[in-house]
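Chains as they are written, first to last, in our numbering: chain P, 1 to 123; chain Z, 1001 to 1533; chain E, 2001 to 2454.
Just so you know, these hints were derived from the structure itself, not from any lab. Glycine included, C-beta positions come from ideal geometry on N, C-alpha and C. There may be inaccurate statements among the hints.
Some chain P residues close to chain E (C-beta under 10 Å, calculated; not the full set) [what the hints assert, rightly or not]:
| no. | residue |
| --- | --- |
| 1 | 3 |
| 2 | 56 |
| 3 | 63 |
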Amino acid sequence: MARYFTDEHEWIEIDGDTATVGITDYAQSQLGDIVFVEVPDEGAQLTKGGDAAVVESVKAASDVYSPVTGTVIEGNQQLEEDPALVNTAPEGEGWFFKLTIADASELEGLMDEAGYKDFVAGL
Amino acid sequence: MSAPNASGWKPTAPQANDEAGPATTTGNRALMLEEKLIFEIGGSETTGVDLPEPRGDAPHRLGAQLRTGEIGLPGLSEPEAVRHYTRLSRQNYAIDLGLFPLGSCTMKHNPRLNEKVARMPGFLDCHPLAPVHTVQGALAVIHELGEWLKALTGMPAVAMSPKAGAHGELCGILAIRAALEARGDARQVILCPESAHGTNPATAAFAGYKVEDIPATAEGRVDLAALKARLGPDVAGVMITNPNTCGLFERDFREIADAVHAAGGLVYCDGANFNAIVGRVRPGDLGVDAMHINLHKTFSTPHGGGGPGSGPVVFSEALAPFAPLPFVEKLASGEYRLVEEETAEDHHARSFGRMTAFHGQMGMFTRALTYILSHGADGLRQVAEDAVLNANYILRSLDDVLDAPFGLSGPCMHEALFSDKGFAGGLTTLDLAKGMIDEGFHPMTMYFPLVVHGAMLVEPTETESKAALDQFVTAMRSLAERARAGDETLKQAPYYAPRRRLDETLAARKPVLAWHAPAAPAGMPTLSEQGGS
Amino acid sequence: MRYLPLTDADRSAMLATIGASSIDDLFVDVPEAARLDGPIEGLPLHLSEMAVERHMRQLAARNIAAGDGPFFLGAGAYRHHVPASVDHLIQRGEFLTAYTPYQPEIAQGTLQMLFEFQTQVARLYGCAVANASMYDGSTACWEAIGMAGRITRRNLALLHDGLHPHYVSVIRTMARFTGDSIADRAPSLDAQADDATLLADIAANRPSCVVVQYPDILGRIPDLPRIAEAAHAAGALLIVVNTEPVALGALAAPGDLGADIVVGEGQALGVGLQFGGPYLGLFAVRDPKHVRQMPGRLCGETVDAEGKRGFVLTLSTREQHIRREKATSNICTNSGLCALAFSIHLTLLGEKGLRALAAENHRLACRAADELGAVPGVRVINQTFFNEFTLEVPGDARELVRRLADKGVLAGVSLGRLYPDEPQLARGMVVAVTETTSEDDIAAFAAALKEELA
């Protein structure tokens, strides 16, 4: 399994032709306490770079973009009950959605963990 | 010696003591009184009005959908109600209590004559659908105020019905779209600066436009060259606040307007900050096509804890034919005519329609007209001058202890903008604002405009004395120094308000938006069983 | 100038601190061509308090006020007795001159009041959650249609024929720009609305919502459960509009009859007529999961750092100042002071007072319907009504209303004024009766009507 990062602070973990997407620890730390997450419905068609989910703190709302094109298999329903999971486990239990990847070549150009670390350090 | 003190009352000089006093049984602290909710103190049998007891068996013509069961509305007798709301009122800060420097909100004194006039029975008890010949005074107020707004802005037409500033923005943008459609022009983009009020992009999006940002220059004004480069046949118009939300006058406004017009677009000016220039500049001389005026800001109708507002819109000749219904016309006879659905067809066919059920915020019109007549053309000019003078005085009295990001961009207008640059120890704008509460001031606007990190927008208004400003400056200097020194105690402020910092995260994660009776322990009466309290 | 505290000495000293030689230095960024070098010519100069009051009093005297004689106007704005303490309390400076409660530690008065208001409205409407108010009933109604579109992802609103025609006008104006489709019809002077056509339209289309006024513009009480069932079967939301909250002291709550969104005009309680504004838009939803699609401010309960209960504005990420072009509405203000007046009035009434007030309104309205319906040539069209009903008179009601006004009777709102394009309604006139209407007023109206029609 490989994990990639976008410059919009999403992570995507690949497992065969499916993937799990969430926001990075850096992103959650910038947002502060997360109070609400809206995840896409099963079956939703997402395009690379397009709106996929919404994450809100008390004073800010941010769109989460899909790192790749694909079809949503599952949105993380736990986030509806417990949006704080995004703060406590952004890159684990606080995942946003899973999707089937339409075109694996879209992963090219995403950063690996080291690359993302450098990217954040430069911000 | 005789009994030296039969009463036992021994006055002694109070000792200074840094510690808080003991907790009280009631939770009250002298004049700081806790107050429960009406649902906790009221009863279903208690009432503060005297009405005939209804007859249960009276014949009715209500049909089948009758109210059965309890609504759940608690009642209070008049003394209880007066005490409840008086106690609540004392937990509010207000302009009547002190300086309220909320930038871009214009908290100035509300003259009480305005309140008296608005309550004259001829205005207060006047029905919006009364026959027009019985409400000539109401129509005269609308017309007279409209004439003032036209003269003060140098614009030929006005729509009085918009209910608030954002409603006025919508009115202006709908007129722009109607005018473009009338000439068969389907432009799709409205340009807004990033520093704009959030209502601007929200309004443009609502009216079906795509919103694009206009870049700003380093000095905090619209980047004229970048704007000109973006203009083209897809741009319906621009929405620009002037004076802008950084507190600066847009020097190039006329040139911007000319360029937009040359490219076939129209110019919306957000007039939220008209109070800075009233009597000194007429927006009509700057090429504006539509501009709303917040009567509650410039003309001091009360803010009332969040409204009602009132947002009349002035129009250029190009947009005037598209103005909404209804409006008032003065006839040669001196009588006033109400142009609405019934009477519009003959000569106002291009109106884009109606925005509200009736004629707008009449109760605000009477107050605003009273304010305007009290000031006159000379006094209104003095209003702008004193507002700008007070803001510059604050800017220059604080710019050595607080970062003023546009302090070198020329004089500010009615508000002074600072940032959190230089704060130490992780202290933020929020911490300084909460410290202001303890000092007895309402905080300034925080984190707006978004283009400045940790923005603090201070608008003193013209109704503050120099002594009040000096007191404010002294407090702000001390707070700024504490923030720069990283004073940890600010992080817990306020200490002396009716409440400490409130948990907004909890409120948003688990919203409780209405009161529900807590599950009563066995044997405890419910609200309805308690009856009269 | 009595409202400006600075003296000339202050001004000079302050200019010196700033480093400016004159006030003109502070306006240097205004292009020279646009600078005004003195007060705008042709406009009056400042006036004393006494002089202004005199001028305004003369204007006020040119209106006939509700208290000047028999008064029967309604159609979306109602005259009720407002207890003296309401106006006294809303004029407390801490309420009147406060701003939106952005700093909750020093705005608990406004916030607790809004929380109480939201709860009162939710209960009155039979809903889970109400917001902190909108501009007025007509704009709240439009916002509800927009919200139904967001929830159902459809864009056809079906309007019941009894919806206030000015509300219909507002909806049509807005829909023209948003691209929503609106289907509306004018009513006829029948005892019942034409529900059969509406139900057929619901079944035949895919509406986002059905909008029904309760009681309707002619005072009739529509069959909400039947319409709710049809709307829900078609996957649409039922929006119920109420322009007279006092009616809900006698009639079942819309939320209990199947309404999904309930909106209304709250002016009747506490606010006063004021020639049409400021009024008070009420907005509530039955299902709490729809809250995130609601427009307008919301106040919620929380605790402070010491664990004490307190209130804050919440869920503000729906709003324009955060969401900008993605906000649920561009609305920025609410109608705070009017919400306060409404809430105080409803607290003074309480459960008992509201029910008694509703009963008294209905009793007097029944009496008026009987007396006016007995005037030769006049017919009351309603089978059902609360405190407002429609008369059919011989000839043009517009003209009749004007003539009765000249006799000192403000007799009602002619349908010709509300529906200028519907000649079949020209003989109609909507008459409202409240607790402020005396039995003598009713008799005077009946006598004047009889005389005019003789």
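Residue 56/P as chain E interface residue, shortest Cβ-Cβ below 10 Å
4 Å, holds
Can we keep the residue 3/P interface hint, with Cβ of chain E closer than 10 Å?
29 Å, violated
Grab the minimum C-beta distance from residue 63/P to chain E and call the hint holds if it beats 10 Å, violated otherwise.
Holds, because the Cβ-Cβ distance from residue 63/P to chain E comes to roughly 8 Å (cut-off 10 Å).
Consistency note: the structure conflicts with earlier hint 1 alone.
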